[in-house]
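Asks: Take a look at the letters that make up each chain.
2 protein chains.
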Amino acid sequence: MKIYRYPEKKTWPDLVQRPVFEREEISGLITEIFEAVGKGGDQALIEFNKKFDKAVTQQITVSETELANAENEISEDLKKAIQQAKENISKFHASQIVETQKIETIKGVTCWRENRAIEKVGIYIPGGTAPLFSTVLMLAVPANLAGCREIILCTPPDSSGNINPAILFTAKLCGITKIFKTGGAQAVAAMALGTESIPKVYKIFGPGNQYVVAAKEYAQRYGVAIDMPAGPSEVLVIADSKAVPEFCAADLLSQAEHGSDSQVVFMTTDFKIFTETIEAVEKQIKKLPRNEMAGQALDHSLFILVNSIDEALKFSNLYAPEHLILALEDFDEYVPMIENAGSVFLGNYSCESAGDYASGTNHTLPTNAYAKNYSGVSLDSFVKKITFQHLSKEGLKKIGKTIEIMAEAEGLIAHKNAVSIRLK
Amino acid sequence: MKIYRYPEKKTWPDLVQRPVFEREEISGLITEIFEAVGKGGDQALIEFNKKFDKAVTQQITVSETELANAENEISEDLKKAIQQAKENISKFHASQIVETQKIETIKGVTCWRENRAIEKVGIYIPGGTAPLFSTVLMLAVPANLAGCREIILCTPPDSSGNINPAILFTAKLCGITKIFKTGGAQAVAAMALGTESIPKVYKIFGPGNQYVVAAKEYAQRYGVAIDMPAGPSEVLVIADSKAVPEFCAADLLSQAEHGSDSQVVFMTTDFKIFTETIEAVEKQIKKLPRNEMAGQALDHSLFILVNSIDEALKFSNLYAPEHLILALEDFDEYVPMIENAGSVFLGNYSCESAGDYASGTNHTLPTNAYAKNYSGVSLDSFVKKITFQHLSKEGLKKIGKTIEIMAEAEGLIAHKNAVSIRLK
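Residue numbers (our numbering), protein chains in the order written: chain B, 85 to 508; chain R, 85 to 508.
A portion of the hints provided could be inaccurate.
Since the list gives no way to pick one copy over another, a pair counts as held whenever it fits inside one copy or between any two copies.
[As the list claims (entries may be wrong)] Listed next, the in silico DSS-like pairs over lysine-lysine satisfying Cα-Cα at most 25 Å (straight line):
#1 326 with 508
#2 170 with 482
#3 508 with 482
#4 175 with 469
Note that these hints are calculated values from the structure, not bench results.
Bound conformation, chain B alone (with noise of 0.2 Å):
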């Protein structure tokens, strides 16, 4: 733990700093595994199956019969706990809807926009130490709320050759029976390119380790979109003297478990919450079975003493965290003055992993100060909004001299004249 008392604001940009990767080291490895999938296909990513994830896999594309056997691999509750935080997932993302309202800017030019989702679109889903179900949800209900006519998932199979039960499961449940064993980069270039089995798809969502990270960069040479710059997971809690250091401590470690590079931040006003919330921290952290990369997240994790929940509010907007929480008494007074978050947890029962899981808000948020210039995964990422113009001759009159002299003072006589032709 770094521990800061009431650190002086030209010391907040260092201590906002997030740790750097070195992208070029695996850049050359990227090309190569890109090249390998366009010319090999199937048959590359099996021999890649081999290599990185030790798995013998005769073809890529899980079978129906796979698919139909996870039903029965795992319990019933899960099942249900996956079906009740489907429904609150698409209750929320369907209420980002918008209905087409079409705009007369002036009589007889009528302009409206329209959705028209994301033909194909790629799911990643990584594999290791966390078999991550929740994330196939939280990608695929928007994807089948917007439309998306093709919905695919890749994600490594283990040493057997096969994938988690819960990640086909919920795949299933979602309407996705596209699924591929792959992973890392492979299973990106796989996506960006298409193989005899995997079609070319138009965005790839999904998280991963910085081979994958770096290869959905490398996919948007091929004109393949991803749905944001990522990198290690982040929480900053602001506590008040109200807040539970037990439940503060409890948020920071269902954090710091995610990686060693995990990012957590706690700040404070109190300083009986101060140390409490860190005998929290030291008490809990040795439960829990990640407790090694726990540990490791926490040595670099930032404990800071504030002046003020204001002072705490500014550090955060200049940190732009991907969770935040307001363990805040009087939250709502400080909701306005927050800038830059991926997502937001307000009081003492707002905990970040209701968001995680089952709550209803997107998961997929943004990591490394990207808060402060992008937006989580919503039912926007699945969707391209066209506008739509429509002007009677009548419009066209009314408007027709504004577009004349505009065009003529840009120097561009053949915007002139579309209009000149058609008032004649």
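Model the placement of chain R on the given structure of chain B, informed by the hints.
Replies: Okay, now just chain R, sitting in the frame of chain B:
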């Protein structure tokens, strides 16, 4: 002109190909420019002005006097036209403001989104053959509506070291007072890195040549966002037997005059309209001051006879044009078929120039088939949508079990604890 009569569907993927630009070629130069601007700041920009724009500039900041004088250097008619366009653009973009809607996903669990402006944005306006003051409107109006606190503008000086007065007038009208005389990749570098005079911004908007495009792409590694990837401008016109060949020709030419790399596509079911439109193009182009550029664009334009309007729409969806004009009597019938397009113009009186300048829609649109996965610039481009949630104790009780089960199944016990400790 490339003329195709009823091309088979299997040939379409070739027909929709866009020109390929070699990005690797200029990447060394872009890196050098970023390094020079990073080290040299304003002085480097002054030197680049001399080197690339043959302009002597003592300082890069446009002075109050220059800004005030601009008003006297342009005609009253042009001022009025710019003001009229600004009103329409404001009206349409203001209609995109969505009110916050709080959703109770289950009792005691309330989720919503709030917009926050991106604090600092930079607008790039190219110099060159046309002074694009219309693009100032298209970017500054929504930036202001969104509430961006710092809106800066960079544009290259002419060889006398001045900025076109229409650009200055429009910028001032839109409340932009920080204007800098710098262009090309160096302007992008300055906005991404910051200099003594130019503040570092969080998002960069605006068109430009391949150096600007490459620099915007490169800028992203400094954490800056950009409006969208870019390519040459495009129009696809679909006409039926009731279309007016002279109007279609004028629209095609208003695209062609943008530059020799402009993409122009004309499709019709009617042989008479087909030949007469070609004739009208040949006739109209002769009178254009930019006829050499337009002629080069026409050399690689596509004129395609198709069997049905349905077929034309399918081709258009595969092409994903920046601008789509439906010169069709029953255009309403075909709107639902449109899947991929930047902005759509309906009927015989909705010329592209209307949207380019004054109807109210934005003219910063996805090109190069990016209409498959990107929207044009709108109010959304200048805000982040932050999610908020509040859970009451009762709300957490209702949803707690679901979170605990899911967290445990993902192996994230600290996530589970954050709920359990609150419900104990």
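Asks: Looking back at the numbered hints, which does the structure fail to meet, lowest number first?
Replies: none
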